[in-house]
Structure formats: structure tokens, C-alpha cells
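Asker: Sequence:
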Amino acid sequence: MYATSSARPVEEALPDYECHQDSQREITQKDIEAVAEFIEYRLLKERGILSKAAERAYELFADEMPDRIDSLAGNSDSTGPEYIGWLSLQDAAKAGIKLQEAARKAIAHIAEEHFEEFSAEARCWGWLE
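Going by the numbering used here, the first residue of the sequence shown is number 4, and it counts up by one from there.
Some hints could be false.
What the hints assert, rightly or not - Restricting the straight-line Cα-Cα distance to at most 25 angstroms, the calculated cross-link-like pairs of lysine-lysine (PhoX-like) are:
#1 Lys48 <-> Lys108
#2 Lys33 <-> Lys108
#3 Lys55 <-> Lys108
Read the hints as simulated data drawn from the structure, not as lab findings.
Model, not experiment: these values are computed from the prediction.
I would like the entire structure built from these sequences, with the hints used as guidance.
Answerer: Set out below in C-alpha cells:
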């Protein structure tokens with residue numbers, strides 16, 4: 004009589020093992036930056052590719068941006084949108100740069116706070132080793 008094994012085939016077990024290995028390693032700043040780039044360039048900029056991760060990235064980005072825009076006003080009495088409006092009339096390029104910086108800070112924050120949520124897909128697409 005032959006003994007039967009309840010072990011899963013390697014093809015089925017490998018992804019779970021890789022995820023387990025990934026969860027055991029220390030997350031570095033380089034990893035967070037790679038996930039931030041994945042979120043920006045793959046999920047947010049490539050409109051039309053609406054995976055679950057892209058939908059979630061849009062949702063988190065929409066939640067994060069108002070605070071980032073408000074922070075642009077700094078110590079002035081105006082709100083972030085008022086400040087950006089005023090700045091765009093004075094120096095449109097500078098206003099655009101400020102908005103881009105705010106967006107990148109929002110994405111970096113999302114990548115750091117939600118690393119586990121986006122790292123597997125980033126790894127699948129080659130953005131993260």
C-alpha cells in the first residue's frame with residue numbers, strides 16, 4: 004500500500020511561500036520608494052487600467068490630497084486651494100511644482116502606510132524585487 008501525501012503541489016504552494024518570505028524580511032526605504040513609484044506610474048498615471056489596487060490607490064489618493072493641499076498654505080491666512088489659486092496667477096510654474104510635490108508626498112505616505120496592500124502587485128509588475 005502506498006502512502007498518500009496531503010501536501011499541495013509546488014506550483015500552488017510557491018506563491019504562498021514567497022508571500023510568507025516577503026513578510027519576514029525588513030521593509031527598507033528603497034522598498035517604500037519602489038512601491039510609491041509603482042503607485043504613481045502604474046496605478047495612478049495609467050488611467051483605464053482599473054484593477055482593485057488601482058481603485059484603492061485612487062481612493063487613498065483622493066483622501067490624502069486635500070490635507071496636502073491645505074498644508075501648502077503654510078502659516079498664511081488662506082486655505083490651500085486659495086493659496087494655489089493665488090500662486091498660479093503669480094507664477095503658474097511654481098504652483099504646478101508645488102502641486103506635484105504635494106501629490107508625490109501623498110503617494111509616498113500611501114506607500115509607507117499601505118505597503119503590504121500594494122507590495123505584492125508591485126512585485127508582480129517588477130517594480131519591487
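Asker: Which earlier hints can't be squared with this structure?
Answerer: Nothing - there is no hint that the structure violates, so all of them hold.
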